[in-house]
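Could you build all of it, start to finish, from the sequences and the hints given here?
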Amino acid sequence: MSPNVFTFGRVVRLSILSLGALVFLAPYIFMISTAGKAQSDIFTSSLNLIPQHWFYAENFAKAWSRVHMPTLLFNGVMVCLMILVIQVVIAIPCAYAMAKLKFRAAKVMMVLVMLGLLVPIHATALPLYVAFDRVGALNSYMALVAPFSISVFGIFLFLQFFRAMPDDLIHAARLDGMSEIGVIARVIVPNAWPAITAFSIFSVVAHWNDLYWPLIVVSNQAYATPPLGLLYFRAAEAGDDYGALMAATLIITSPLVGAFLLAQKRFVEGITMTGLKG
Amino acid sequence: MTTLSLSNIEKSFGGNQILKGVSLDAQPGEFIALVGPSGCGKSTLLRILAGLDSADSGEIVIDGREVSRTQAADRNVAMVFQSYALYPHLTAAQNIAVPLVMRRLTRTQRIPFVAPLMPGQRQAVADIHRDVREMAASLKIDHLLDRKPGQMSGGQRQRVALARAMVRRPAVFLMDEPLSNLDANLRVHARGEIVELHRRAGVPTVYVTHDQAEALSMADRVAVMIGGSLLQLAPPQVIYDDPQHIEVAKFVGQPRINLVASHVGENGIVTLGTERCVLADRSLAGDTPVTLGVRSEFVKVSRSGEAGLPAHVERVEFLGSEIIVYSKLDAIGEIMIAKVSPAEGAGLAAGMPIRLSASAEHIFVFGADGVRLPSAPLVENTVREAAHG
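So the sequences go chain by chain: A and B. Take the first sequence: its letter number 249 is residue 249 in the numbering used here, and every next letter is one higher. Each number in the numbering used here corresponds to the 1-based position in the second sequence with 278 added.
Possibly wrong hints are sitting among the right ones.
To be verified - Cut-off 27 angstroms, straight-line C-alpha distance, at most; resulting in silico cross-link-like pairs (DSSO-like, lysine-lysine):
| # | chain 1 | residue 1 | chain 2 | residue 2 |
| --- | --- | --- | --- | --- |
| 1 | B | K298 | B | K606 |
| 2 | B | K578 | B | K528 |
| 3 | B | K578 | B | K606 |
| 4 | A | K100 | B | K578 |
| 5 | B | K426 | A | K265 |
| 6 | B | K606 | B | K528 |
| 7 | A | K102 | B | K298 |
Stated by the list, open to error - What the simulated footprint calls covered on chain A by chain B, stretch by stretch (three residues with Cβ under 8 angstroms from a Cβ of chain B suffice, anywhere in the stretch; the number is not a length):
| # | stretch |
| --- | --- |
| 8 | 163-169 |
| 9 | 177-188 |
Everything labelled a hint here was simulated from the structure, so no lab data went into it. The structure displayed is predicted, hence computed values, not measured ones. Beta carbons: idealized from backbone N, C-alpha and C, even for Gly.
Structure representation (C-alpha cells):
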C-alpha cells in the first residue's frame, strides 16, 4: 500500500466512521457477549465483554427448547413473505397505472396515497382489531398479513421509479402487441428490480421486527412471530434469564443479518436506487 | 399492398389545438416525410396514427379498415422511436423476437416453463428464431444478437430497433426521428440505408423529422406541417421549387429564403427592383400587401453597374463550394442572403457597396395570409400575354 493512500484527511474520516460504527454496533456486540454468559456472570458488578465461563451452548439450548423456535421462525418467514408478495403484486400495477396511464381519478388517487403515507398504523389499530375480532379472525395469519397488504409506501416508491421510465418503452411494448398486464410483466417488472429490491428490504425488515401489531392480534403461541415469541419467552422466565433471552434474540436476528451479509452489495444498491440507465 | 389514409385529424390538449384538421394519403409503398419545426404537432400526429394517442375527431384508414378506435396492438403498424425504446433487459435477439412472440404464440404458449409442453410451441419458437436471424443478417447485425442494448453503440441500437419494427412485416411503418441521436457522419449513411430498407419492404412509411435535408433527400413526398396544419404535401422538388405557402418557403431551403414586403401595383403587377411579375388574379386591388420571396441561389450580386437594388455587405461566409453573402438593403434595411460561387464572391468583404438583383421567374409572391399567389414574369412588351393560366 502506498503511503499517500492514508492521508491525514482520510485517517480522520475513517476514524469518525469507525467510531460511529462502533457506537451503533455496541448493543449488538453486548448482546452477543451476554448470550454467552452464565446467570452469575451477568449479574456481577464488573462489566466484561468476554464471558468468564463460556455458556453459549447452554443458553442456545435453553432458548431453543423453552419456546418453540422453529414455529416462531416459520411464522416470521411466512408472514413476511405473504406481506411482501401481496404488497408487490398490488403496488406495482397500481403505481404503473398512476405513473403511466391517463385517467381522471389519477390526481385524486395521488392525494389519497399521500394521505395514506401520513396515517400511522397506530391510528387504525383499534378499528382493525375490533373488525378482526367481529369476524373471528384474531389469531390467524390473515390478521397478521391483511392490514399490510396495501402499502402506500410501496405504491409511492414504485410510482417515483416508474415515472423515470421512458414512455417510449411502454409505447413500443404496446405496438409490439402487449396488453397492459403484459407491459407490466414483460417490461416494467424486469426493469424495476432495483426498486423491488429496495422495497423488499424495507418491507421485510419492518415486518420481521414488528412487535406492535402481532402483540395486538395474536395471543396464541402457534401464530406468534419472532419478536412476539421473545416476549412470551421473557414472561415465562420472569425476565431474569438474560443469557437465554439474548441467545434467542441472536437466533431471531440472525436471518436478517445473514441476508444482509450475503447480499450486502444489492442492499446498498437497492437503497441508493441507482436507477435504470439505458 | 397496403395504403394509409388520414382525414381531418384534430387534437387539442387543454384548449390548445395541436392538430387542426390534418388529412394525408399514402400510396402503396410510398415514403412520406413529415417535416416541420419542433412543436408543430408532427409527433402527435404520428402517435395518433400508431394508436398511442387518440384523436378528438377524424378518420384513420389502414389497409381499407377504419382503425381510429382500434388498439395500437391491433393496427398492425410498427414504429421506430427516437430513443429506440429497446427493452434494456433483453438481448438484441430477444428484442427483435418480442413482436413475433406476442403475435405468433398463444397466451398459453408464452407461459414460462410450461410452454414447451404445449402443442406446436417448439415449431413456432424455431420459426421465430429463424426469422430473427434472417432479419438480423439482412441488417448486418448478426454479431450483436447476444448483446444487450446497454452494450451497443447508438448506430447499432438504431439497427436493432429497425429490425424489431420490420421483422413482423407491418402494414404501415412509422419512424419518429430515428436518426437524430446519431452523429452527423452516421446519419448521412443511415439515410441511404433506411431508404434502401423501405424499398425492399415496400410498406408505406411515415417518417417524422425536423431536419429538412433528411426529408428532402429520403422521401417520395414531403409533408410540411407548421402550427398544426399540413401546408403542403408534394414531391421534394415541388416543395422546394414551388412552395404553396410562405411558411413552407421559409422552412425549406438552406440558407433560408429572402423575403421582402411589397404591395400590388397597377394591373396586378408587383415589382422588385427593375424586375416585374404579374399576378394571375388581376382583380387584386392595388396596394394589397404581399410578400416577395427569392431563394438565395437566385440572388445575383454585382459590384458595379446601375441594375439591381443597392446594398452593403454585412458578412461573408466561405463554405468551400459556395459563398454565402449577407447584405443589408440600403432602402429598407432588410438582410438579404445570396449564395454565390467562390469566383463571383471573391474579394467581397463587410461594408462593401453592392447591387442585388433577381430575375422575375424566380420570384414567389405570397398574399397577406401567407398563401402563394400564382404569378408569372412580366416581359415589357407582352403585358397581356404574360399572365398564363
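Check each numbered hint against the structure and report the violated ones by number, ascending. The structure breaks hints 1, 4; every other hint is satisfied.
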